[in-house]
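Chains X and B are the protein sequences, given in the same order.
Going by my numbering, 76 is the number at position 76 of the first sequence; the sequence numbering is gapless.
Going by my numbering, 107 is the number at position 107 of the second sequence; the sequence numbering is gapless.
Just so you know, these hints were derived from the structure itself, not from any lab.
Please note that a few of the clues may not be correct.
To be verified - A few chain B residues facing chain X, derived, Cβ under 10 Å:
{"hint": "1", "residue": "R159"}
{"hint": "2", "residue": "W190"}
{"hint": "3", "residue": "T193"}
{"hint": "4", "residue": "R197"}
{"hint": "5", "residue": "E205"}
{"hint": "6", "residue": "S209"}
{"hint": "7", "residue": "G210"}
{"hint": "8", "residue": "D211"}
{"hint": "9", "residue": "K212"}
{"hint": "10", "residue": "T213"}
{"hint": "11", "residue": "L214"}
{"hint": "12", "residue": "A216"}
{"hint": "13", "residue": "D220"}
{"hint": "14", "residue": "H227"}
As the list claims (entries may be wrong) - Non-contacting residues of chain X with respect to chain B, defined by C-beta distances greater than 12 Å in every case (computed):
{"hint": "15", "residue": "T5"}
{"hint": "16", "residue": "E12"}
{"hint": "17", "residue": "Q13"}
{"hint": "18", "residue": "G18"}
{"hint": "19", "residue": "G64"}
{"hint": "20", "residue": "R78"}
{"hint": "21", "residue": "D81"}
{"hint": "22", "residue": "M91"}
{"hint": "23", "residue": "M95"}
{"hint": "24", "residue": "D100"}
{"hint": "25", "residue": "V124"}
{"hint": "26", "residue": "H171"}
{"hint": "27", "residue": "V174"}
{"hint": "28", "residue": "F204"}
{"hint": "29", "residue": "P225"}
{"hint": "30", "residue": "H231"}
Note that beta-carbon positions come from the ideal geometry of N, C-alpha and C, so glycine has one too.
2 protein chains.
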Amino acid sequence: MTSETSTDGVTEQSFSLGEIPGVLFTPRGATGPRPLILMGHGGGQHKKAPGVLAGAHRFAADGGFAVVAIDAPNHGDRPKDEQFIQFAGAMRARMAAGEDPAELVAAMHDLLAGQAVDDWQAVVTAVQGLGHVGVGPVGYWGVSMGCGLGVQLIAAEPRVRAAVLGLLGVHELVGAAARVTVPVQFLVQWDDTRVPRDQAFALFEALGSGDKTLHANPGDHGGIPAHETDHALRFFARHLG
Amino acid sequence: MTSETSTDGVTEQSFSLGEIPGVLFTPRGATGPRPLILMGHGGGQHKKAPGVLAGAHRFAADGGFAVVAIDAPNHGDRPKDEQFIQFAGAMRARMAAGEDPAELVAAMHDLLAGQAVDDWQAVVTAVQGLGHVGVGPVGYWGVSMGCGLGVQLIAAEPRVRAAVLGLLGVHELVGAAARVTVPVQFLVQWDDTRVPRDQAFALFEALGSGDKTLHANPGDHGGIPAHETDHALRFFARHLG
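Only chain X is shown next, with the shape it has when bound in the complex:
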């Protein structure tokens, strides 16, 4: 642990686990075991991006959960490798040219997924060793790149028991999605200019889960309405509580 602060009833503890920078959010003064929610950020974002922070505080303060967010490989405080820099440049060029970057985005997620899955598995084991987290049920929240890496994680990691995913198309993920069998709440932005609606529907359809619900709201990629945080909190309470 490298630092600790408390705001609005939530304690934030920054940590490093080997190469992985992370933040653990718990209700202030928490003791004893509790469910744990992993939060995966979007592409180009980091462990304390506004969407991650808002959800983490809500889940800890109102749900009593422990929440952990880490920087994905090549994101936030982590070094960028040459292959990632080339990918990111190619994506920017394709978007600037008005072309659909979806295939490149999917290939980049695939490039990051192996390391990201290893990271999350190590982080779950480490934080569940802490007295105020303990070994309880685990949930996952992540949209866009956080969904792409999350699908790969959940396909590989049986400790994850419920997930909020979305804002991503099916590219490259059909196989992994079929191995996701836990309850899923899947977010779609109806007017998403980065993820065609049909591609997002196809990923929802590819999920192997028997218990899955798609929530679609008007607006573009970044515009998930606040009431979805409320839905996510109740979803996690139902499945991890």
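Starting from the known structure of chain X, fit chain B onto it as the hints suggest.
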């Protein structure tokens, strides 16, 4: 009022308002004004169909709402007229032949809508005159035929301030849907054999509401999962509370 019973903390009062048979659900011992939810049943169903009863009890017991359900024209305890009997026969024949009855269904809703809107407007005025209902905000819940008649009601009736709708395609409803501007939660069954998914998406898209969310779940027309009642309760609490 023709009869009164109480179960699990909810009082059911059966009534007739002119030709309209209905049931009013309120929390046992309720006094004073409260929000009112109108529940419209599906085609071939009636005011005490299982889906209506389950929702009404939940909304009254856990939300403190007043809930009123009535038999739609030509349904439940109401007489059937010749035109309706012919329509229903034609629909059954078309479904038995494996053909899509959607256009006939839409035409039937249109046939019933004028009377249904008049009925609901009279019922709202009447039950809001009771001391344990009073003049508070009004919500509407109805899927399938309950959605078709509900869209026409909400387009015409400014007292309705939020609605749960769904399980219906856009046929004939484009104009009325555009006049629906209140918050809507819209239910889709992903594997609905009676309503093609694209038709349901088109009705969601046609709604004039700025605040609208689509919830899709796996399963056929009748298989809305129980957790959607929980979502509906919180939606009404947020918008009518």
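Right, here's what the structure says about each hint:
1. The restraint placing B:R159 at the interface with chain X is violated, with a minimum CB-CB distance near 23 Å, outside the 10 Å limit.
2. Annotation: interface hint on B:W190 holds; nearest CB of chain X at approximately 7 Å, less than 10 Å.
3. Evaluation of the B:T193 hint against chain X yields a violated restraint, the C-beta minimum of about 16 Å exceeding 10 Å.
4. Interface hint status for B:R197: upheld, as the beta-carbon distance to the closest one in chain X is roughly 8 Å, under 10 Å.
5. For B:E205, the shortest C-beta to C-beta distance to chain X is roughly 8 Å, which falls under 10 Å, so the interface hint holds.
6. Below 10 Å, beta-carbon pairs count as interface contacts, and B:S209 has one with chain X at about 9 Å; its hint therefore holds.
7. Taking 10 Å as the C-beta cut-off, the interface hint given for B:G210 holds, the closest approach to chain X being about 7 Å.
8. Interface hint at B:D211: satisfied, since its Cβ lies 8 Å from the closest Cβ of chain X, which is below the 10 Å cut-off.
9. Given the 10 Å rule on beta carbons, the hint for B:K212 holds: about 6 Å separates it from the nearest Cβ of chain X.
10. Contact between B:T213 and chain X, as hinted, is supported at the beta carbon level, the nearest pair being about 5 Å apart and thus within 10 Å.
11. Because the beta carbon of B:L214 sits about 4 Å from the nearest beta carbon in chain X, less than 10 Å, this interface hint is met.
12. Look at B:A216: its Cβ gets to within about 4 Å of chain X, closer than 10 Å, so that hint holds up.
13. Restraint check, B:D220 versus chain X: the minimum CB separation of about 14 Å is more than 10 Å; hint violated.
14. The criterion of a C-beta within 10 Å of any C-beta in chain X is met by B:H227, whose closest approach is roughly 7 Å, and the hint holds.
15. Its beta-carbon lying about 31 Å from the closest one in chain B, X:T5 satisfies the requirement of being farther than 12 Å from that chain.
16. Once the 12 Å rule is applied to beta carbons, X:E12 is consistent with being away from chain B; the minimum gap is 28 Å.
17. The Cβ of X:Q13 lies farther than 12 Å from every Cβ of chain B, with a closest approach of about 32 Å, so its non-interface assignment holds.
18. Every Cβ of chain B is farther than 12 Å from the Cβ of X:G18; the closest lies at roughly 39 Å, confirming the non-interface assignment.
19. For X:G64, the condition that its CB be more than 12 Å from all CB atoms of chain B holds, with the nearest at approximately 19 Å.
20. With a closest Cβ-Cβ approach of about 35 Å to chain B, X:R78 is found to remain outside the 12 Å limit, as its non-interface label requires.
21. The beta carbon of X:D81 is kept farther than 12 Å from every beta carbon of chain B, the shortest such distance being approximately 39 Å.
22. Under the 12 Å C-beta cut-off, the non-interface status given to X:M91 relative to chain B holds; the minimum distance is some 29 Å.
23. Against the 12 Å criterion, X:M95 stays outside the reach of chain B, whose nearest CB is about 26 Å from its own CB.
24. With a least beta-carbon separation of about 21 Å from chain B, X:D100 lies farther than 12 Å from that chain, consistent with its non-interface assignment.
25. Listed as a non-interface residue, X:V124 keeps its Cβ farther than 12 Å from every Cβ of chain B; the least gap is roughly 26 Å.
26. A cut-off of 12 Å between C-beta atoms confirms that X:H171 is not in contact with chain B; the least separation is 21 Å.
27. No beta-carbon of chain B comes within 12 Å of the beta-carbon of X:V174; the shortest separation is about 17 Å.
28. X:F204, annotated as away from the interface, has a beta carbon of chain B within 12 Å; the closest lies near 8 Å.
29. At the 12 Å boundary, the C-beta of X:P225 falls inside the reach of chain B, the nearest C-beta of that chain being 8 Å off.
30. Non-interface call for X:H231 relative to chain B: violated, since the shortest CB-CB distance, roughly 7 Å, does not exceed 12 Å.
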